[in-house]
Each structure stands twice: as C-alpha cells, then as structure tokens.
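Peer 1: Now for the letters of each chain:
There are 2 protein chains.
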Amino acid sequence: MPTINRRWVLASHPEGKPTLDTFRLEEVELADPAKHELLIQAKYFSVDPGMRSRLSGDSYAAALQPGEVIEGAMVGEVVQSNNEKFAVGDLVTGGFGWQSHTLSNGRGLAKLDANLFSGPLRATAAIGVLGIPGLTSYFGLSDIGKPKEGETVLISSAAGPVGATAGQIAKMQGCRVVGIAGSPAKCDYVTKELGFDACINYKDTDNLVDAIKAACPDGVDIYFDNVGGEMLDTAIANANERGRIIISGAVSEYNKPEPRGIRNTLQFITHRLCMEGLVVFDYFKQFRDAQAEMAGWIKDGKLIYTEDISEGIETAPAAFIGLFEGENFGRRLVKVS
Amino acid sequence: MPTINRRWVLASHPEGKPTLDTFRLEEVELADPAKHELLIQAKYFSVDPGMRSRLSGDSYAAALQPGEVIEGAMVGEVVQSNNEKFAVGDLVTGGFGWQSHTLSNGRGLAKLDANLFSGPLRATAAIGVLGIPGLTSYFGLSDIGKPKEGETVLISSAAGPVGATAGQIAKMQGCRVVGIAGSPAKCDYVTKELGFDACINYKDTDNLVDAIKAACPDGVDIYFDNVGGEMLDTAIANANERGRIIISGAVSEYNKPEPRGIRNTLQFITHRLCMEGLVVFDYFKQFRDAQAEMAGWIKDGKLIYTEDISEGIETAPAAFIGLFEGENFGRRLVKVS
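Residue numbers (the working numbering), protein chains in the order written: chain A, 22 to 358; chain B, 22 to 358.
Chain A with its partners taken away, still in its complex shape (with noise of 0.2 angstroms):
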C-alpha cells in the first residue's frame, strides 16, 4: 500500500519577509523501499533562521528552488526496512527537510543510540542542542572565541539555542555572562534557569551601547553574534582590546534586500577586534566528540535545553516566520506525529 508523503516546497522565492505563501503543501505518494531503502516517518522537524538566505539567493550553499523541499533536520521513526542497517522501530536523524515521510537508502542517515538518548536527553535533542544549533555554540565559542576565565562574554538571541547553549558553557569555563533577549520572560529564563549572569531585554532599553556597558562593567571580550546589523554594531562599541565576535547568525539581517551591516569598523584597528563567521560543518570530523561531551553535561545536570514544539506539520510556516519576530523560546520544532 503506498504511502502518502505530505511535504512543504518552495511556492516562490520571498522578497523581504516570508509569507505563508512562501511555502506550498504537497501530498506524494511513495513507492514502497526498494531493495537496501527503508521508510522514515518523521516525528518532528526543525524551522531554522539560517535557513532563510537559501530561500532567496546564494548562501554557503546553492539557493533552493520552487518546487524543492524546504531543508530542516529530523528525527523519525523507521517504519519499514529493507536496509540491513536499520530496523523497523529505530529512532533516527537526518537533513530530511519539511516532510512526514522519508524514503532512504540510508546515506546521510544516523541511528540515535537508545543508551544515550534517555532520561534528560530526549531524541529531539539531536536536532537541537546536540544538532545544528548546539555544536554552532559548541565550536564557536572554543575554536573562534577561546573564552578564558574571567572574561566577559555577550550573547544576543540568548534565549534561543545557540544563544542558551553558549552561555552554558561559557559559563562552565569561569565567564561572567550578559544575554541580550527580547521580553522579560525571556530574560528570567537566561538568568535563572540557565545561570547567566545578567540579561539585557533589548526592547525595554532606550541605549543599548549604555545596557550593556552597565551589564559588562569590564567590557566585552567575546560578543557572540547571533542578530547582526546595530545590534552587533553596539557590541563592537563595547568590545575590550583583542575582542572577539563570533558571527554565528544575522537573524535581523535575513529578510533585508539590503543589509545594514556595521559602521564600526574603525574600532577593529584602536582596539584589534578580531570577527569571524562560521559555518558548522567544517568541523564535521570533531562533531561526535563534541556531542559526547555535551550529552554528559547534559546528563549531569550542568547543561539544559528548552524546545518550542509546534504542533501539525501544517504549522510549519508559521512557525518558521515567527522566528524572526523573535517568537520562539528555545529551539523551535514542528512535532509531525
């Protein structure tokens, strides 16, 4: 019997913000797994930020184009095998994209260790805190900010994932930690679930520049970037001597057709700046490394995570716009069965 894939594609490419129209749900039927293939269904999917330059134009990779389906991460369940590696009942991840069901032959495919996804570490957390969005804090903090004890380091987004889970760890090498977040809701969050040591709501602050100055009363010496244009600008007037800011995200930047960018660019010369983007995935060989380490904090207590689950693969949209009104509180998914 054939099974109905449901999947959303790229109706047309947005101009400034997406709309729902942007997106168009298909339903296609799927052959049953030929030899070596196997069948996901999928549980849940991730709505990413990053992902919105790929809807447009050129980004590190190709643009996507009408017709194609939107890229997200997912956990599912395999329901039928013909691929020895895997068995029906197994939980398992991949890039598979805004889709209820996935048919594989297993490439690109990873099954979640059922010892290690227990208790505490659920199996959404690969496509979170240990996906995409946590190796970003993970590697952009250690090989691009090199935070050393003592220091202060800023994070913007600081009640999303890469923000939440940077701060956690900056935090664990003897930082002190400032979050800048969109409500007050957001910012007892950061400061008392997740142990930052101040957090700045941005939208109840006349000067931001004034904010952060009484939030890092020694400074910035790593601003960990996750918005883009004034608000990294306002950052870099606070940055210390041999600053580091750390590009992991330009959420305010994505739907412009032209950027605003930076003005203070003259502070990198008086005060040796040093900025610098990162793509995660160059660090792909040191990713199951990375994860053990995390997944044992996690275990122990010293590092948490929040997810924001949508309900109904027909929320994706929504939920994807609403990222960038700064909607969600922790790692956004689409929970789709």
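Keep in mind that the hints were calculated from the coordinates and are not lab data. Everything numeric in this text was worked out from a predicted model, so none of it was measured. Just to be clear, a hint being listed does not mean it is correct.
Given that identical chains are not distinguished, each listed pair holds provided it fits within a single copy or across any two copies.
Said to hold, decoys possible - List of simulated lysine to any residue pairs, SDA-like, C-alpha gap at most 25 angstroms:
id, residue 1, residue 2
1, LYS167, TYR304
2, LYS38, ARG75
3, LYS234, ARG75
4, LYS277, ASP254
5, LYS38, GLN307
6, LYS38, THR291
Dock chain B against the given chain A, drawing on the hints supplied.
Peer 2: Here is chain B on its own, set in the frame of chain A:
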C-alpha cells in the same frame, strides 16, 4: 644661546576634514640640554593618515588636546649632547612629532646604525619602510593574512607605503598580488616598479566588484585594507571561503562624523571570513628582527620604497590634508632641514 623650536600644534579639534586652521605653527625657546640631555634637530618627520582619529576623538591612544604638538615620526641629527649614549652628529629616530627641535633624555630615541643605513637604505627609511608603515605591512601580512603560495592578495592604497610594502612581501611568498590605486600613474608604478600582477584604477572603474572579479579570477584570499567603507565591502563581496581581511587603515572613514562601515556581514557566515584589526605596536618586541629582514630585502633589491617629500616645515598641514585626497605617491615626509 637658546634654540628656537618651530612646532605645529593642534589649534582646534576638526569636524570632518581637517583644514589649515586645524593647525597652528608656534615658536618656542628651548633651554640648553641639561645633564644627560641632548638636543635633536629634525631632518624629516612623517604625516600619517592614521593620526587623523587622534585629532578629534579617542582612538587606541587618547585624543590630542589643543596646544599639543601634532604627532609624527622623526629622523634627526644630534646637535648638542650631554648624554654619553649619543654623540653630536648621530642620526636618531623617535616619535617626536611635527617640530624642528627636540630636547630629549634619550628615552624613546633610537640611534640609526650607520652600517645598516647605507646604499639604497636611506635614513628616511627608518620612519617609512622600516618604520610604522612597513612594519604594519610586515606583521599584518604575516600574523593576520598568513599568505600561502598561490593565493590571491588584494591591496588597497597600493601605491601608499603600507600597500606597496605589503604587496612586495606577498609577491615574495608566491602570491598573486592585485593592487587598487587612484590614478594611471600609480597603477603603472604598482605593476611595473613594485611588480604587482595587476592594478585597478578605482577612479576609472564603474563597477569595482566586477573589476576585482576580472583582476582576481580565483577570488580574493587576503584583503589588506587601508581604505575601509565601500572599498572594504567590495573586497568582501569577492572574498573566497576562509578569506582573511586585514584592517590596517581606513582613509575613507577618518574624516566622517558617522562612518559608512560595511553592509556585507552575512558573507562572514557564508564564506567563513575573518576580519582583524592591527596596531603595529603590539609587535614591538619583534620589530628589530623584522627590520633586519626587510633591510636585507632592500639591500638585495627585492623590496623598494618610494618617498614623497614635502619641502619645509611650513608645508606639513597641507601635506597631511592631501593624504585624504590620495595626493601622495609613496611615504609622505616633510623635510625640515
């Protein structure tokens, strides 16, 4: 008999582009050298674009105050000495600013080695190719740029002292080197005398992005920036993956109340770029070795340098202001005596 020192001081902080009224020429009487002191007669001093920021605001050093002597590097001759380390007739160098005479206790003063400074290595090289500009090229390239054989290095202000030196060093490392300069004569100098592979006259180019693309068919691996703003943005647009951007100067930005900055920050993520600023004094302990290496290159004819001499201490302000019009051709110095 007292010595009359003629010196240029800051008359008032300029807004925007400095004018002749920014500066005031004073005459003051100097006492005879006290015990351990010596008197230096300046022969040449430098006018530096990077000094612009100190005229109006805080930079890596504090702002200059009205009445203070304008900064610059000086080469001079000892004319009186009560200091056993310096004899009358010694050539010396130090950061003594825009003045004809200096009383010194020897601190911050270096004697030029007569054996080293001979032949093609003139005394003025001590405040040029072996001074701050040349050392900026040397350390910017070696410590931030880290050129590898076969890479493409793009250099703005290529006919200026920093760019010219950086390009020649990059050629020695086996790189393809492309300059950007502001006249056909400068471009000729850059390619024919300095040996760059190509030079773009940005004043004769409608579309600098395309001009860079044509001159750098394999993209830009290292951009050595002396200009900032739009030119920096354009170079970023052409940067290869893992491109390095050395922020050495920003002559297009210094006179602006609000700098233009850059728009192309998303490329830092998509192309894993790294941009770093440079203050050459951070490498102070390595100066001597770098100078010895560069002196060797000059004596071997591998590294050439050009000076643009303005005659007479009266000409200093105009010589300085002209830097921002791209007037100078090589290291601009003022001949005092």
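Peer 1: Each hint: holds or not?
Peer 2: These are the hints, each one checked on the structure:
no., hint, result
1, LYS167 x TYR304, "both (15 angstroms within a copy, 21 angstroms between copies)"
2, LYS38 x ARG75, "within (13 angstroms within a copy, 42 angstroms between copies)"
3, LYS234 x ARG75, "between (36 angstroms within a copy, 23 angstroms between copies)"
4, LYS277 x ASP254, "both (17 angstroms within a copy, 17 angstroms between copies)"
5, LYS38 x GLN307, "neither (35 angstroms within a copy, 51 angstroms between copies)"
6, LYS38 x THR291, "between (36 angstroms within a copy, 20 angstroms between copies)"
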